[in-house]
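2 protein chains.
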Amino acid sequence: MAFLLRPETMNGGTASNGLHLNGQDSLVQPLLTDFYQISMTYSYWRSQIHNEPAVFDLFFRKNPFQGEFTIFAGLEDCLRFVENFKFSVSDIDFLRTLLPGVEEDFFEYLKEMDCSAVTIHAITEGSVVFPKVPLLSVSGPLAICQLLETTLLNLVNYSSLVATNAARFRLAAGPKTNLLEFGLRRAQGPNGGLAASKYCYIGGFDGTSNVLAGKLFGIPVKGTQAHSFICSFSAEKDLRVREFKTKDGKMIDLYALAMKKRDDIMDKLFWGVSSSEVSEGELCAFVAYAIAFPNGFLALIDTYDVLRSGVLNFIAVCLALSECGYRPIGCRIDSGDLSYLSKEIRARLRNVAELDESLSWLAKVTIVASNDINEETIISLNEQKHEIDSFGVGTHLVTCQKQPALGCVYKLVAIANEAKIKLSQEVAKISIPGRKMCYRIYGRSGSSILDILLLHDEKPPEAGHQILCRHPFEESKRALVLPSRVEPLHKLFWGDGKIQYDLPTLADIRTHVRVELDRLRNDHKRQLNPTPYKVSVSERLYNFLHSIWLQNAPIGQLD
Amino acid sequence: MAFLLRPETMNGGTASNGLHLNGQDSLVQPLLTDFYQISMTYSYWRSQIHNEPAVFDLFFRKNPFQGEFTIFAGLEDCLRFVENFKFSVSDIDFLRTLLPGVEEDFFEYLKEMDCSAVTIHAITEGSVVFPKVPLLSVSGPLAICQLLETTLLNLVNYSSLVATNAARFRLAAGPKTNLLEFGLRRAQGPNGGLAASKYCYIGGFDGTSNVLAGKLFGIPVKGTQAHSFICSFSAEKDLRVREFKTKDGKMIDLYALAMKKRDDIMDKLFWGVSSSEVSEGELCAFVAYAIAFPNGFLALIDTYDVLRSGVLNFIAVCLALSECGYRPIGCRIDSGDLSYLSKEIRARLRNVAELDESLSWLAKVTIVASNDINEETIISLNEQKHEIDSFGVGTHLVTCQKQPALGCVYKLVAIANEAKIKLSQEVAKISIPGRKMCYRIYGRSGSSILDILLLHDEKPPEAGHQILCRHPFEESKRALVLPSRVEPLHKLFWGDGKIQYDLPTLADIRTHVRVELDRLRNDHKRQLNPTPYKVSVSERLYNFLHSIWLQNAPIGQLD
Chain U
96 MAFLLRPETM NGGTASNGLH LNGQDSLVQP LLTDFYQISM TYSYWRSQIH NEPAVFDLFF
156 RKNPFQGEFT IFAGLEDCLR FVENFKFSVS DIDFLRTLLP GVEEDFFEYL KEMDCSAVTI
216 HAITEGSVVF PKVPLLSVSG PLAICQLLET TLLNLVNYSS LVATNAARFR LAAGPKTNLL
276 EFGLRRAQGP NGGLAASKYC YIGGFDGTSN VLAGKLFGIP VKGTQAHSFI CSFSAEKDLR
336 VREFKTKDGK MIDLYALAMK KRDDIMDKLF WGVSSSEVSE GELCAFVAYA IAFPNGFLAL
396 IDTYDVLRSG VLNFIAVCLA LSECGYRPIG CRIDSGDLSY LSKEIRARLR NVAELDESLS
456 WLAKVTIVAS NDINEETIIS LNEQKHEIDS FGVGTHLVTC QKQPALGCVY KLVAIANEAK
516 IKLSQEVAKI SIPGRKMCYR IYGRSGSSIL DILLLHDEKP PEAGHQILCR HPFEESKRAL
576 VLPSRVEPLH KLFWGDGKIQ YDLPTLADIR THVRVELDRL RNDHKRQLNP TPYKVSVSER
636 LYNFLHSIWL QNAPIGQLD
Chain L
96 MAFLLRPETM NGGTASNGLH LNGQDSLVQP LLTDFYQISM TYSYWRSQIH NEPAVFDLFF
156 RKNPFQGEFT IFAGLEDCLR FVENFKFSVS DIDFLRTLLP GVEEDFFEYL KEMDCSAVTI
216 HAITEGSVVF PKVPLLSVSG PLAICQLLET TLLNLVNYSS LVATNAARFR LAAGPKTNLL
276 EFGLRRAQGP NGGLAASKYC YIGGFDGTSN VLAGKLFGIP VKGTQAHSFI CSFSAEKDLR
336 VREFKTKDGK MIDLYALAMK KRDDIMDKLF WGVSSSEVSE GELCAFVAYA IAFPNGFLAL
396 IDTYDVLRSG VLNFIAVCLA LSECGYRPIG CRIDSGDLSY LSKEIRARLR NVAELDESLS
456 WLAKVTIVAS NDINEETIIS LNEQKHEIDS FGVGTHLVTC QKQPALGCVY KLVAIANEAK
516 IKLSQEVAKI SIPGRKMCYR IYGRSGSSIL DILLLHDEKP PEAGHQILCR HPFEESKRAL
576 VLPSRVEPLH KLFWGDGKIQ YDLPTLADIR THVRVELDRL RNDHKRQLNP TPYKVSVSER
636 LYNFLHSIWL QNAPIGQLD
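Residue numbers (my numbering), protein chains in the order written: chain U, 96 to 654; chain L, 96 to 654.
There's no promise every hint is true.
Since the list gives no way to pick out one identical chain from another, each pair is judged satisfied if it fits inside one copy or across any two copies.
With a cut-off of at most 27 Å between alpha-carbon atoms, the simulated BS3-like pairs for lysine-lysine come out as follows [to be verified]: (1) 524 <-> 497; (2) 497 <-> 157; (3) 524 <-> 438; (4) 181 <-> 629; (5) 271 <-> 480; (6) 629 <-> 554; (7) 517 <-> 342; (8) 181 <-> 438; (9) 438 <-> 517; (10) 572 <-> 620; (11) 332 <-> 517; (12) 517 <-> 340; (13) 157 <-> 620.
Source of the hints: derived by calculation from the structure; they are not laboratory data.
One chain only, chain U, in its complex shape (with noise of 0.2 Å):
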């Protein structure tokens, strides 16, 4: 069993600092990285620049799934990979058999390398963030920033990415619907699907399918039967167990009970449906899953035909159920027209529940609906009025149909206090140079109206005093503003050799994203053409950049 490293040793049960990377981090280790960190290294270290002090910028370019904001996440795995990067003796030994011919004095200084002369601010984890706004600044030495570039952009942009899909699904949902995430089978292998149910949950999903992202990170795991577990029943012989123990400790045949209450109903109700339509071995599959979990009572009714068997054979479980005692939760539809189909249920329950004031309760049990659900599948449900009240996704989250990468870079703005800038002939694609900082401005309302990127040395904004903010690129784009509030975006998060912060559990960095949200005007949160949130730069930055972009633009010449 060698291979099979389990988490056990650092597994003290719950979601905290010390376990959110448990496991998942045995890659996340300094050879997690593009070959090309490494050979640049060796040539910095050659060429003797290798400790030169540089600044790099990890920021994104533009907001995905064509929308106006992002969350930030991954922020913690990022120190986790600082704190702990050290290449191995092996891993040197790797190194030396890609690096033929390589001086052998550049092996020692790998080998004692680590990030203590590096220093990191970032923005916190779970912020709503927006592009060219460095997410993380690095500054260091050349070679190590150089080094950590992959593994930052590995760990920033599909965490970041799936907790903002996430987020997109919950803003469509609303605040009140379950949302679950389902995705494990169709992530990106086995870490994929950790990952995903990780920043989820973050991103605004109340729970998972995945055990192993409970055990790990604390997230709270659902689930309950799959088409195959209805078809293991064929007919009455195949339900083996049918005694029942009602709450108050009486044995009873909880299938007869069932039928009983099935008969009751076809009677008393006319929905159109004939006993020969409604699948035995799917009532005798109901039965058993409801001897086994008499409180967590959740079945799948859409194996056969949702309306003329599964509807019919869930009320008759849930009627049972509640005679002896239990309170079912609910229903699952997996497949067909959730809109309708939710509506047709509702109504039936409903039909059921106006028979006897003690079964009020019926009409309020839970629907889950999954199959291939997007953020536009819910916005077209909300606008039909669905009755679902909880929704399982996998696909479409896990793997972000709509846009599956983020698309963050990791740019060189400084190198020996001399700001750089990549140039590109989309203005786009132009970083804008040196060491910044940035603020976020609020107005009266509370919302926040723009940030702001200012020189590192720079005097921040203030509250009550007016700023100019300019477009880092269209000269005639700027504005006068007069903050109410001035929030620093960037923290030292890690320094002399360690994390500077007691990292927040996962429920907070959930909390601030909510509350972050909550703070974001709702034009740029639509999902129709939101409006641009605008990230701007100080008078003092917009001619720094103009300058350093003149000097290293080359002069066309036309023939």
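Let chain U serve as the given structure and place chain L on it in line with the hints.
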């Protein structure tokens, strides 16, 4: 460092079976599953049907990427999972918290559970496969087989999807073009990145930038430098080391030599470039890299302007290196019109090569292209007769942007020797009941004609004996086929509690993919409107399927 589980202890250094799963598999364990598998298992156990003999098929319903073939991958991961399937003490403790009120004997049952009673027939990893054909057929006690579902799906889904994607890139690029996987920074976390590297290699890529994938799986590792490296040098003053040892041991100033070469070329060949346009910093960066890697010089030439700066500096350093006895490798472009630029670069290389016979090698150095490359880009570049020798592909490859999930399913097809069918309003979603075997029928040309599913106890088709092949759902579609060769697709991979084969190495699987694709007719492989490959059933299976279907389909009733 407790959480940083390193695969140190198990790593011999090269790819071999034991190694494939190192580290990566810290997460592949029984709890990496959907919770409903556990709750269903309890219900089966509580109903005393947990030991009923069951058969589950793992298959997909539609080829990905609008194509007509799929590469099956992930089998070894599945077998290792099954081999090591065991709940730990802390797993059981955690499940106890999720399942209050569950009988304690159930946990004893879980504790003892392993896969020794499970049998897995599967198709060889790396085979070309088609919809509806079981990739794995898992038989054994109902509850255990049920518990394997999610993890097996997770291990097969993404692996097969990305291997198929890689194979499609390979088909588009042709057999000679070098394909490199650069996707780590855009993958679903660390393990998503590693899985991508591994299965892209299987699918036909030549190497990866992911160093850890090189260490763990023995995949060739490639890469050179990023824009940040080029930007780290602004002017001559930044080049602290210029001395360079020629192949025959003389010390020279490589920068001075490269400058001289550049002036020479600019004198001799008029490319409409003035020397003010050629970046000084870029030349310094190239010289620094060449000093570090005289035998591995591959320069990124698009930081400033490919044709007015990069290519000139590149050629200058190539000529200088060559004069010192070294042979440069090539250059990389990461932006712009890749076809146009590659042709212009090649033309300039040829211009210079024509100046002197001893420079003929220069015309043939490698041109690498990267930047948002997908299958269509490659096809379009081919039509434009590009001059690219090697593609670096990231985002589109690893995220499978065109279709980020394969959609494998795991369906119960028999229980207690009774065949089961999963009905659906959509015919495409109906599963084929019963335990089956699949054979691939080859025609006289050596290409495969079709696959045929038979009931497991039917006599296999034989070469030279005509067989009737039927469409599973369309009565009128049937054909008599005379096989030249018959290949049984399903082999027993897991039985008697152990893996039944010496599993192939990654390189073997990669070769198998190539051979399999060669045997598939071109019309199934082409990118535009490919011909669907036929998956048929035997006469007996056809009749069996339709009788079970009728038995199970409810008789509707019209008002």
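Verification of the supplied hints:
{"no.": "1", "hint": "524 <-> 497", "in the structure": "both (22 Å within a copy, 24 Å between copies)"}
{"no.": "2", "hint": "497 <-> 157", "in the structure": "both (14 Å within a copy, 20 Å between copies)"}
{"no.": "3", "hint": "524 <-> 438", "in the structure": "between (49 Å within a copy, 25 Å between copies)"}
{"no.": "4", "hint": "181 <-> 629", "in the structure": "neither (40 Å within a copy, 53 Å between copies)"}
{"no.": "5", "hint": "271 <-> 480", "in the structure": "within (14 Å within a copy, 57 Å between copies)"}
{"no.": "6", "hint": "629 <-> 554", "in the structure": "within (21 Å within a copy, 71 Å between copies)"}
{"no.": "7", "hint": "517 <-> 342", "in the structure": "neither (70 Å within a copy, 35 Å between copies)"}
{"no.": "8", "hint": "181 <-> 438", "in the structure": "neither (58 Å within a copy, 43 Å between copies)"}
{"no.": "9", "hint": "438 <-> 517", "in the structure": "between (56 Å within a copy, 25 Å between copies)"}
{"no.": "10", "hint": "572 <-> 620", "in the structure": "within (23 Å within a copy, 52 Å between copies)"}
{"no.": "11", "hint": "332 <-> 517", "in the structure": "between (73 Å within a copy, 20 Å between copies)"}
{"no.": "12", "hint": "517 <-> 340", "in the structure": "neither (72 Å within a copy, 33 Å between copies)"}
{"no.": "13", "hint": "157 <-> 620", "in the structure": "within (15 Å within a copy, 35 Å between copies)"}
Consistency note: the structure conflicts with the earlier hints numbered 4, 7, 8 and 12.
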